[in-house]
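Chemist: Chains as they are written, first to last, in my numbering: chain A, 1 to 224; chain B, 1 to 224.
If you're looking for bench data, these hints aren't it; they were derived computationally from the structure. Nothing here was measured: the structure is a model prediction, and the numbers come from that model. All C-beta atoms in this analysis are idealised placements derived from N, C-alpha and C, irrespective of residue type, glycine included. Possibly wrong hints are sitting among the right ones.
Unchecked claim - Partial pick of chain A residues on the chain B-facing surface, computed with a CB cut under 7 Å:
{"#": "1", "residue": "Trp61"}
{"#": "2", "residue": "Leu62"}
{"#": "3", "residue": "Leu67"}
{"#": "4", "residue": "Lys155"}
{"#": "5", "residue": "Phe167"}
{"#": "6", "residue": "Ile205"}
As the list claims (entries may be wrong) - Beyond 10 Å from chain A on every Cβ pair, some chain B residues (computed):
{"#": "7", "residue": "His5"}
{"#": "8", "residue": "Gln21"}
{"#": "9", "residue": "Gly30"}
{"#": "10", "residue": "Thr32"}
{"#": "11", "residue": "Leu50"}
{"#": "12", "residue": "Gly100"}
{"#": "13", "residue": "Glu105"}
{"#": "14", "residue": "Pro124"}
{"#": "15", "residue": "Ile134"}
{"#": "16", "residue": "Leu142"}
{"#": "17", "residue": "Ala143"}
{"#": "18", "residue": "Thr145"}
{"#": "19", "residue": "Glu157"}
To be verified - Sample of chain A residues facing chain B (criterion: CB under 7 Å; computed from the structure):
{"#": "20", "residue": "Arg2"}
{"#": "21", "residue": "His46"}
{"#": "22", "residue": "Pro57"}
{"#": "23", "residue": "Arg64"}
{"#": "24", "residue": "Leu77"}
{"#": "25", "residue": "Val78"}
{"#": "26", "residue": "Arg119"}
{"#": "27", "residue": "Lys140"}
{"#": "28", "residue": "Gly165"}
{"#": "29", "residue": "Phe173"}
{"#": "30", "residue": "Phe174"}
{"#": "31", "residue": "Leu178"}
{"#": "32", "residue": "Pro209"}
Protein chains: 2
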Amino acid sequence: MRELHFYFDFISPYAYFAWCQVGNFCQQHGLTLVAKPVVFGKLLDHWGQLGPAEVPPKREWLIRYCLRYADRNNLPLVFPPQHPFKSLTALRLCLPEVCGQLQIETINRLFHLGWAEGRDLADPQVLLDGLCTISPAPEKWLAMTQTPEIKEKLKTETEQAITLGVFGVPTFFFNGELFWGNDQFPFLADSVAGKSFDSIKYQEILGRPRAIDRKVRNPSGDQT
Amino acid sequence: MRELHFYFDFISPYAYFAWCQVGNFCQQHGLTLVAKPVVFGKLLDHWGQLGPAEVPPKREWLIRYCLRYADRNNLPLVFPPQHPFKSLTALRLCLPEVCGQLQIETINRLFHLGWAEGRDLADPQVLLDGLCTISPAPEKWLAMTQTPEIKEKLKTETEQAITLGVFGVPTFFFNGELFWGNDQFPFLADSVAGKSFDSIKYQEILGRPRAIDRKVRNPSGDQT
Numbered sequence: 001m002r003e004l005h006f007y008f009d010f011i012s013p014y015a016y017f018a019w020c021q022v023g024n025f026c027q028q029h030g031l032t033l034v035a036k037p038v039v040f041g042k043l044l045d046h047w048g049q050l051g052p053a054e055v056p057p058k059r060e061w062l063i064r065y066c067l068r069y070a071d072r073n074n075l076p077l078v079f080p081p082q083h084p085f086k087s088l089t090a091l092r093l094c095l096p097e098v099c100g101q102l103q104i105e106t107i108n109r110l111f112h113l114g115w116a117e118g119r120d121l122a123d124p125q126v127l128l129d130g131l132c133t134i135s136p137a138p139e140k141w142l143a144m145t146q147t148p149e150i151k152e153k154l155k156t157e158t159e160q161a162i163t164l165g166v167f168g169v170p171t172f173f174f175n176g177e178l179f180w181g182n183d184q185f186p187f188l189a190d191s192v193a194g195k196s197f198d199s200i201k202y203q204e205i206l207g208r209p210r211a212i213d214r215k216v217r218n219p220s221g222d223q224t
Numbered sequence: 001m002r003e004l005h006f007y008f009d010f011i012s013p014y015a016y017f018a019w020c021q022v023g024n025f026c027q028q029h030g031l032t033l034v035a036k037p038v039v040f041g042k043l044l045d046h047w048g049q050l051g052p053a054e055v056p057p058k059r060e061w062l063i064r065y066c067l068r069y070a071d072r073n074n075l076p077l078v079f080p081p082q083h084p085f086k087s088l089t090a091l092r093l094c095l096p097e098v099c100g101q102l103q104i105e106t107i108n109r110l111f112h113l114g115w116a117e118g119r120d121l122a123d124p125q126v127l128l129d130g131l132c133t134i135s136p137a138p139e140k141w142l143a144m145t146q147t148p149e150i151k152e153k154l155k156t157e158t159e160q161a162i163t164l165g166v167f168g169v170p171t172f173f174f175n176g177e178l179f180w181g182n183d184q185f186p187f188l189a190d191s192v193a194g195k196s197f198d199s200i201k202y203q204e205i206l207g208r209p210r211a212i213d214r215k216v217r218n219p220s221g222d223q224t
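Just chain A, same shape as in the assembly (with noise of 0.2 Å):
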């Protein structure tokens, strides 16, 4: 059965909406999820990047983006008390090596308890407390996320996205090939049902050089 790879952050609320539709999209295209969590302030600080909560307003805009999209598309949003929050140990619950088979089960309980009941992902009885109707030991798996080996798990997984080019949330990838962001279900189809875009043309685009660059990527380079 093919892939779909999600690289996903419980940061994100754009995650958490790719998330309540990846299961269905995968089940009609007859995909095998495989779920990533990654440590996002990691991808940003690999690619020099600001999350979009680190730019004033920009984070005013994704609220209220926020609230326009679940409202349009009837999903569940609550945001949660405190935002940017240490997502952390909530990723690290959901790495095989720690939920197992209930990664799919838990991953799901966690971004609704985040994103649909607001509450804090970063408070280890907020974890406890919603893991209890899914893990046979929530206890156990929480001590694990504090191990020396769960804790380089979930940075190994992070290195590992950013060497595949992955720079941003929630970013999937199917056959190969990376889309970014939670408006990509169109593009995937597309690619799934075998349409693909024009790949010689694609590599001479990618191969046509800059004209400008700005002074903090080349000192020399000046627009005005």
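Starting from the structure of chain A, add chain B where the hints point.
Modeler: Relative to chain A, chain B alone:
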């Protein structure tokens, strides 16, 4: 008549895609289109962001996405010979002080030239050739773009946009509200129809605290 303000830079293929749709959108909804040329690089400088073409894997994704998007939406797309390119002269041509009543036609022509015909909008000869069917005096317009007044005007327009919170292109303003991105038409349509978000909830979310900040923003913040 109600106005829709449209902020753009020719450097952005997303702005091109949005421009292809915004005229019809305004006609359908009885809106007057007010076009606002701004310098994307200056928005990035101000907010400390990188543009999509400045993050290597994001640039790769952007090209694939644009090819797929144009195909799905039956929009002509020929990438410019160099990208990013210096769009300042083309933007100045679109100021009402230069093109006057012919502003919409001028923007139409230049977006088509740059992204449907794949010509180099940084090349004055390309601009001259392209405008000869629009402008009664293309040489005069081009000369105006090199005057201190017109240079200053584009700078001022960009600074005013920043003051309003514009952080990217395309950006729309309707009824005092900012909408960012080529995917905003359904949400703009809601807004035009008088359907808004819950503004009390919005203000409340906006006032909630941040729980973490990355080192780049706050030297004392650390997520590890």
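Chemist: Any CB of chain B closer than 7 Å to the CB of Pro209 (chain A)?
Modeler: Check passed: Cβ of Pro209 (chain A) comes within 5 Å of chain B, closer than 7 Å.
Chemist: Measuring Cβ to Cβ, find out whether Thr145 (chain B) lies farther than 10 Å from everything in chain A.
Modeler: Given a closest Cβ separation of 13 Å, the condition holds.
Chemist: Can His46 (chain A) be said to touch chain B, with a Cβ gap under 7 Å?
Modeler: violated (10 Å)
Chemist: Tell me if Pro57 (chain A) is really an interface residue toward chain B, meaning its C-beta lies closer than 7 Å to one of theirs.
Modeler: holds (3 Å)
Chemist: For Gln21 (chain B), is the shortest beta carbon distance to chain A beyond 10 Å?
Modeler: The assertion about Gln21 (chain B) holds, with a minimum of 15 Å to chain A.
Chemist: Minimum Cβ distance from Phe174 (chain A) to chain B below 7 Å?
Modeler: Hint on Phe174 (chain A): violated, closest Cβ of chain B at ~12 Å, above 7 Å.
Chemist: Classify the hint on Arg119 (chain A) as holds or violated, based on whether any CB of chain B lies nearer than 7 Å to its CB.
Modeler: With a minimum Cβ separation of about 13 Å from chain B (threshold 7 Å), the hint on Arg119 (chain A) is violated.
Chemist: Let me know if the C-beta of Val78 (chain A) comes in closer than 7 Å to any C-beta of chain B, holds or violated.
Modeler: Violated, about 9 Å.
Chemist: Beyond 10 Å from every Cβ of chain A: is that where the Cβ of Pro124 (chain B) lies?
Modeler: Holds, because the least Cβ-Cβ distance between Pro124 (chain B) and chain A comes to about 14 Å, which exceeds 10 Å.
Chemist: Test the statement that Thr32 (chain B) is away from the interface with chain A: the closest C-beta pair must be farther apart than 10 Å.
Modeler: holds (23 Å)
Chemist: Check the non-interface label on Glu105 (chain B): least C-beta distance to chain A beyond 10 Å or not.
Modeler: Given that every Cβ of chain A is farther than 10 Å from that of Glu105 (chain B), nearest at about 26 Å, it holds.
Chemist: Taking the closest pair, is the beta carbon of Ile134 (chain B) still more than 10 Å from chain A?
Modeler: Given that every Cβ of chain A is farther than 10 Å from that of Ile134 (chain B), nearest at about 24 Å, it holds.
Of the numbered hints stated above, those contradicted by the structure are hints 2, 4, 11, 20, 21, 24, 25, 26, 27, 29, 30, listed in ascending order.
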